[in-house]
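Chains A and B are the protein sequences, given in the same order.
Per this note's numbering, residue 1 is the first one in the first sequence, and the count goes up by one each step.
Per this note's numbering, residue 1 is the first one in the second sequence, and the count goes up by one each step.
No lab work stands behind these hints, which were simulated from the structure alone.
A few of these clues could be false.
Stated by the list, open to error - Covered stretches of chain A, going by a simulated chain B footprint (3 or more residues, C-beta under 8 angstroms): (1) 16-29; (2) 166-180.
Claimed, not checked - Partial pick of chain B residues on the chain A-facing surface, computed with a CB cut under 10 angstroms: (3) E41; (4) D171; (5) A276; (6) E369.
As the list claims (entries may be wrong) - Residues of chain B placed beyond 12 angstroms of chain A at every Cβ, according to the derived structure: (7) R21; (8) L203; (9) E224; (10) E231; (11) E267; (12) E349; (13) L370.
Glycine included, each C-beta is placed from N, C-alpha and C at the ideal position.
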Amino acid sequence: MYTEDLVEIRIHGRGGQGAVLAATLAAEVAFRRGFYPQAFPFFGAERRGAPVAAFLRYSKSFLMPRCRIYEPFCVVVFDAALPKEVIMEGLKKEGVLLVNASEDVLPAWSGIAAGRKLHIIDASHIAADCGLLSSGMPLVSSVMLGALVRILRLASLQVLEETLKGKIPQFERENLEGARRGYKEVKEVVKDAIFR
Amino acid sequence: MAAGSKIVAIVGTDAVSEAMRQINPDLVAAYPITPQTAIVETYSQMVADGLVKSHMVAVESEHSAMSAAIGAAATGARVMTCTSSQGLALMWELLYIASGLRLPIVMPNVNRALSAPINIHCDHGDSMGARDAGWIQLFSENAQEAYDNTIQAVRIAEDPGILLPVMVLLDGFIISHSIDRVELLDDEVVANFVGEFKPAYSLLDVNNPVSVGNFDGLYGYYFEFKRQQEEAMLNSFGVIKEVGAEFGKISGRSYSLFETIGMEDAEFAIVVLGSAAGTVRHEVETMRAKGIPIGMIKLRAFRPFPARELAEAISRMKAVAVFDRSNTFAGNMGGPVFIELRSSLYDLEKKPLLVNYVYGLGGRDLSIELINKAAAELAEAARSGQVKQSINYLGLRE
């Protein structure tokens, strides 16, 4: 569902990537911008590497459903190797896709997006750059959060930074840098060409 | 917004921990691992950090948690514990002792399914199993209500005319693990609202010695004690409303036994409790905007069950659907709310058609699509004056 009053977002990732954390922090950003927020995981097995999903919903009104999100306005993909059918399920025709991917996979993703607005960010690379690694796995959460906040026009970089401060127990400096870069480096793809 | 309060975005369990910190009970006894929830995890941290003065007792089981709570409450201390699902089931025999001894223990319970099969998700089967244990049971729609109910529960439990334990119920994951907007009251406002507990008796008062938990004698007064518990439950109707109104004065959010939406001009209605009320409310408002004459009742108090007032509220309806997130396995009698409500209507001359939807067992999602399906069937029942099927399973894979 998407109206000006109600924005619904679904995040796909793998256990350990921080999809749930990103949804939670995005809810906090929405809250700071005066919205009623809701963020909740798709409660499944919480194991490293297992596919996970998280939901985010915000509205100007208290009046909000509390069910899962079946027809999101925006889908965020932390791991581009996840099954496309799962990622695309229910995504609105006029919806938005945000993918953690490098520019060389553009043609494939343009096809998958099927006319929807597509944004990409090379979050794995940026996370590694910022030192956000755990056992060699890039922790893309803050980078993807920065990108999401930007494409939704949810808040300024300053509000994003204020939200993150004190919320991340480890690697706060690295995560702040990751969020900043996500915010600044996310790109919109138009017909296989990139607009910054 | 009330003076001194602040608005935050937190998960439901943290909202309850925050209420507990502000209540500052003398003692919290809890089993610290699964099926326990983050309420106690956060609260233990608050105690360790010196943010609250409660004596925190980590016990080896939920059975022991309630035992410790009972022992402490018998001394006249203000006592809380928390649980969920199998933990509540393990407390079973102690639940009756807490209510039978008239100990005003407050216990948030995160509603989750009971095994088998093993399932960790939202379901009201755990607390419904304890519906006849003599506890007051208050359901919450969201994190705000879980917070508000926890604070009010202290006043309700400790009221001299009641002295019954209170369960504050919040839906597993949908409320407990979800980020929600919550308005927190000022610490001092909460402290003043809950006041100081002045117990009539204390096990440790050597000048007025009492004994607690005695043998009834072979043919003693057990029956009379049980009759008095019923009387206390009857008293609680008024007190729940009074405390709810008084809470409204400090917070701007008043509470009663149930809440009605659009019932003044509705022809049919949905009765629902817990977090599903949020989704149902969203759809009811959407349908009403389209001119569909639907209303809803969100039940807050399941124990005591406000039979007379509920019957009155729905008596003018043509048809009413009751949503139950648990089942009774009584042989197609439907869920517990349905059974109670149907019983409440028996003496009425004019009563609505009643239909039951059992939904959401083991966390099966109650989607907007499912609500609309039930609402369409309800509208058809109201129009035709006939119910096709009394007991329905909404969202069941068939």
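Run through the hints listed earlier and report the numbers of any the structure violates, in increasing order.
As far as the earlier hints go, 2, 3 and 13 are violated by this structure, in ascending order.
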